[in-house]
Amino acid sequence: MAKYIELTASNFEETLNEGVSLVDFWAPWCGPCRMIAPVIEELAADFDGKAKICKVNTDEEQDISVKFGIRSIPTIMFFKDGKMVDQIVGAQSKAALAEKINALLA
Amino acid sequence: MILDCAIIGGGPAGLTAGLYATRGGLDNVVMFEKGMPGGQITSSSEIENYPGVTGEISGMDLMIPWPAQCQKFGLKHDMVEIKRVSKDGDIFKIHKEDGTVVEAYSVIVCTGSSPKHAGFKGENELFGKGVSSCATCDGFFYKGKEVVVVGGGDTALEEALYLAKICSKVYLVHRKDSFRSAPNTVARVKKTQNIELVLNSIPQEVYGDNMGVTGILVKDSSGEIRDIKAPGVFVFVGNNVNNRILRQEDGNFLCDMNEKGEVIVDITMKTTTHGLFAAGDIRLSAPKQVVCAAGDGAIAALGAISYVDELLNH
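Just so you know, the sequences run in chain order A and B. Position one of the first sequence corresponds to residue 1 (our numbering), numbered consecutively onward. Position one of the second sequence corresponds to residue 1001 (our numbering), numbered consecutively onward.
Simulated from the structure, these hints should not be mistaken for lab results. Be careful, since some hints might not be right.
Unchecked claim - Here are the in silico distance ranges between beta carbons for each label pair:
#  : chain 1 : residue 1 : chain 2 : residue 2 : range
1  : B       : Asn1124   : A       : Glu42     : 29 to 35 Å
2  : B       : Glu1196   : A       : Asp81     : 46 to 52 Å
3  : A       : Glu60     : B       : Lys1229   : 26 to 32 Å
4  : B       : Glu1196   : A       : Glu60     : 31 to 37 Å
5  : A       : Asp59     : B       : Glu1196   : 24 to 30 Å
6  : B       : Ser1168   : A       : Lys67     : 19 to 25 Å
7  : A       : Ala95     : B       : Lys1260   : 38 to 44 Å
8  : B       : Ile1264   : A       : Ala95     : 30 to 36 Å
9  : A       : Ala9      : B       : Lys1260   : 44 to 50 Å
10 : B       : Ile1264   : A       : Asn17     : 52 to 58 Å
11 : A       : Asp46     : B       : Ser1168   : 39 to 45 Å
12 : B       : Glu1196   : A       : Ala95     : 41 to 47 Å
13 : B       : Lys1072   : A       : Lys67     : 43 to 49 Å
As the list claims (entries may be wrong) - Sample of chain B residues facing chain A (criterion: CB under 7 Å; computed from the structure):
#  : residue
14 : Met1036
15 : Ser1043
16 : Ile1047
17 : Asp1098
18 : Cys1137
19 : Asp1138
As the list claims (entries may be wrong) - Capping the alpha-carbon separation at 25 Å, the derived lysine-lysine pairs in BS3-like fashion look like this:
#  : chain 1 : residue 1 : chain 2 : residue 2
20 : B       : Lys1083   : A       : Lys100
21 : B       : Lys1116   : B       : Lys1083
22 : B       : Lys1076   : B       : Lys1093
23 : A       : Lys100    : B       : Lys1096
24 : A       : Lys67     : B       : Lys1145
We treat Cβ as the ideally placed atom computed from N, Cα and C, and that holds for glycine.
Whenever a hint applies, use it, and build me the whole structure from the sequences.
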């Protein structure tokens, strides 16, 4: 089963540069982040080869979090060809996230 | 296949209902929860009143072993959001967000509650950009900075204490001059050096720039406005019940509700609709405590077992 991509300062830009990506900003101590963890895993499998499903550990990657002004987690951002096009704060259902990705892929 | 019991929601009430329903003999029991089970308590920094669980433990840690315990007895988890529950004759219909429908003989609604907004200017616009309702999630982003906590109940005080350990200063803004929290918690708050009590005060407006919140204006009882320059505002002013799934296409609810939108149940967690039970924060007069939600879930499951047995075997 395809796994999500763990983003760090070194692979962030090159990963998001092309195509459609979902980025889940999370941290280990955050209950709602843990709630959507299995949703992210399933999306990674469902969109394998179509969109990149990524996670940023905000505890370890503080520079990325500061750059994007992350103040609440989970924050889920959507990127198209390197540009951030949409974001949602808080736990979401799988269908709601899949719908956003599909809209960007269309 | 028609489910013996459908449980909607995966917090302490839903998980305990699942444990009792499966262990008590119902075969096809599915808990519907859009993500990992655990519920609202997983956002709490500390829980010190769950019997038998001593020491400093977070809400998330408390809930970690619950799902596996239920699954051992056969509870299934469908990771999907439910839009509506309706009833046709003796059969309940569970409408999933993908448009499909699952049928069940009994339903236990455990959809809980969600943090309420206080209603001051800028709160909705800046939610997630400095305004938060989860200190364990977002306190980290204010390490060494000043924050504001709005509210005067147990949650507000407990989370103020948690934030005081991370942040340089916590302004606790409360509309009254006393707290309705547990005396032990109030005493701890008053003893904490870096918590300033801002009493008899109501938030007027939170403001910020394109990176988020930079401050909040609060008004005291004499009408004086104070400008607190802090990048984080945490709001804990109670909860709204999540009753949307009980609303039918004609606008009525599936069972009787009170004026607050809470489900009316008897002491066996039965609603006014046969085969429909409610447990946890969604029911009337809920104390909004994990131990009570768990107790409700057990009672509701025992009721559901009897109901299904009566329906199918008599």
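Structure-based check of all given hints:
no.: 1; hint: B:Asn1124 - A:Glu42: 29 to 35 Å; verdict: 30 Å, holds
no.: 2; hint: B:Glu1196 - A:Asp81: 46 to 52 Å; verdict: 48 Å, holds
no.: 3; hint: A:Glu60 - B:Lys1229: 26 to 32 Å; verdict: 30 Å, holds
no.: 4; hint: B:Glu1196 - A:Glu60: 31 to 37 Å; verdict: 33 Å, holds
no.: 5; hint: A:Asp59 - B:Glu1196: 24 to 30 Å; verdict: 28 Å, holds
no.: 6; hint: B:Ser1168 - A:Lys67: 19 to 25 Å; verdict: 24 Å, holds
no.: 7; hint: A:Ala95 - B:Lys1260: 38 to 44 Å; verdict: 30 Å, violated
no.: 8; hint: B:Ile1264 - A:Ala95: 30 to 36 Å; verdict: 31 Å, holds
no.: 9; hint: A:Ala9 - B:Lys1260: 44 to 50 Å; verdict: 48 Å, holds
no.: 10; hint: B:Ile1264 - A:Asn17: 52 to 58 Å; verdict: 56 Å, holds
no.: 11; hint: A:Asp46 - B:Ser1168: 39 to 45 Å; verdict: 44 Å, holds
no.: 12; hint: B:Glu1196 - A:Ala95: 41 to 47 Å; verdict: 44 Å, holds
no.: 13; hint: B:Lys1072 - A:Lys67: 43 to 49 Å; verdict: 44 Å, holds
no.: 14; hint: Met1036; verdict: 5 Å, holds
no.: 15; hint: Ser1043; verdict: 5 Å, holds
no.: 16; hint: Ile1047; verdict: 12 Å, violated
no.: 17; hint: Asp1098; verdict: 6 Å, holds
no.: 18; hint: Cys1137; verdict: 4 Å, holds
no.: 19; hint: Asp1138; verdict: 5 Å, holds
no.: 20; hint: B:Lys1083 - A:Lys100; verdict: 19 Å, holds
no.: 21; hint: B:Lys1116 - B:Lys1083; verdict: 21 Å, holds
no.: 22; hint: B:Lys1076 - B:Lys1093; verdict: 18 Å, holds
no.: 23; hint: A:Lys100 - B:Lys1096; verdict: 18 Å, holds
no.: 24; hint: A:Lys67 - B:Lys1145; verdict: 18 Å, holds
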